[in-house]
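In order, the protein sequence lines correspond to chains A and B. Quick note on this note's numbering: the first sequence kicks off at 1 and runs consecutively. Quick note on this note's numbering: the second sequence kicks off at 1 and runs consecutively.
These are computed hints drawn from the structure, not numbers from a lab. Not one of these hints is a red herring.
Quick list of in silico lysine-lysine cross-link-like pairs, DSSO-like style, CA-CA up to 30 Å:
| no. | chain 1 | residue 1 | chain 2 | residue 2 |
| --- | --- | --- | --- | --- |
| 1 | B | 61 | B | 88 |
| 2 | B | 87 | A | 48 |
| 3 | B | 88 | B | 138 |
| 4 | B | 80 | B | 61 |
| 5 | B | 176 | A | 26 |
| 6 | A | 26 | B | 80 |
| 7 | A | 73 | B | 138 |
| 8 | B | 76 | A | 26 |
| 9 | B | 80 | A | 73 |
| 10 | B | 85 | A | 48 |
| 11 | B | 76 | A | 68 |
| 12 | A | 26 | B | 138 |
| 13 | A | 66 | B | 76 |
| 14 | B | 88 | A | 68 |
| 15 | A | 66 | B | 138 |
| 16 | B | 76 | B | 176 |
Computed from a prediction, not measured in an experiment: that's the story for all the values here.
The chain contents come next:
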Amino acid sequence: MSQDILVQCFVEALGVQAPVVVDSLKYNSIAQWDSVAHMTLIAMLEEKFDLMLDTDDIIDMSSVAKAKEILSKYGVHF
Amino acid sequence: MGFISKMLLKDKVCIITGATRGIGLAMTRFFAEQGAWVFVNGRDESQVQAVVTQINSDGGKADAFVCDVADPESVKNAFKLFLSKSKKLDVLINNAGILDDALIGMVSPAQIERTFGVNTYSVIYMSQYASRIMSRNKSGSIVNMTSIIGTNGNCGQAVYGGSKAAVIGITKSLAKELASTNIRVNAIAPGFIDTDMARSIPDSVFETRVSSIAMKRIGQPGEIASVAAFLSSDLAAYVTGQVIGVDGGMLI
Numbered sequence: 001m002s003q004d005i006l007v008q009c010f011v012e013a014l015g016v017q018a019p020v021v022v023d024s025l026k027y028n029s030i031a032q033w034d035s036v037a038h039m040t041l042i043a044m045l046e047e048k049f050d051l052m053l054d055t056d057d058i059i060d061m062s063s064v065a066k067a068k069e070i071l072s073k074y075g076v077h078f
Numbered sequence: 001m002g003f004i005s006k007m008l009l010k011d012k013v014c015i016i017t018g019a020t021r022g023i024g025l026a027m028t029r030f031f032a033e034q035g036a037w038v039f040v041n042g043r044d045e046s047q048v049q050a051v052v053t054q055i056n057s058d059g060g061k062a063d064a065f066v067c068d069v070a071d072p073e074s075v076k077n078a079f080k081l082f083l084s085k086s087k088k089l090d091v092l093i094n095n096a097g098i099l100d101d102a103l104i105g106m107v108s109p110a111q112i113e114r115t116f117g118v119n120t121y122s123v124i125y126m127s128q129y130a131s132r133i134m135s136r137n138k139s140g141s142i143v144n145m146t147s148i149i150g151t152n153g154n155c156g157q158a159v160y161g162g163s164k165a166a167v168i169g170i171t172k173s174l175a176k177e178l179a180s181t182n183i184r185v186n187a188i189a190p191g192f193i194d195t196d197m198a199r200s201i202p203d204s205v206f207e208t209r210v211s212s213i214a215m216k217r218i219g220q221p222g223e224i225a226s227v228a229a230f231l232s233s234d235l236a237a238y239v240t241g242q243v244i245g246v247d248g249g250m251l252i
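Just chain A, same shape as in the assembly (with noise of 0.2 Å):
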């Protein structure tokens, strides 16, 4: 159920396929996931997930693994 909901915001945040979608999918390794799509898919996780990151997490939020791990640590479960 998460693991959907973050494929569905980096798809619509990103304008990606799903199947690009994977853990090793790191931020700026396509052009796709600049800084303005960055933001864009903080505030749609923040929404789906109704939780309100802190910046260094933000800021940190570097890969598809990533974000996972950073989720995790605000009570969502992969």
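Chain B: place on chain A using the hints.
Then chain B, alone, in the frame of chain A:
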């Protein structure tokens, strides 16, 4: 079909910082009159609650937003509480500010830190969280309070003027950065406004200030509130990155 009277800010969710007195209080009351759900910010919980209670008893809608805007941890916690009450935010008014004048040779590091903390850093801290919530709906308005001292400078006000000039840079930068998410960012630069602070200066200084104003009178807090309401409303839907002087033609 006749003309329809419409409240400028009906159902808009607004946070106003430094809202318990002076210009902030005037804005809070006017925004509530215009149909907004106002979140009243201040550091003192009892002062905030008094404003909230008054507005609600007058038929408006208000809630508390208690935090020290210069403290990022305090701001974060206030936004967490805010999100438990509202999932959307339409307007942020960064009004909180302090004035602590001194000639340059007498400025202390603590004074610089405190002034920039409240007047400048707070604008960034508040806008960080607010813009993320606003971007969910691809809509929002941020209004920052700068000052005629920030645009023109004044003797003995290097720190205050610097802190307010920085607000203009923040405003213009955020306007460009957030335009793609339809979040507008503008600033108001008040002149000499009738607040407790203005009334506390010596009579001779007061008269000198008033004589420097083309309209020959001090401004009223409500005259700032009405401009803030305009910038916050859909009437200003195509206005962003602007600094609006509200100073009666004051010269410094």
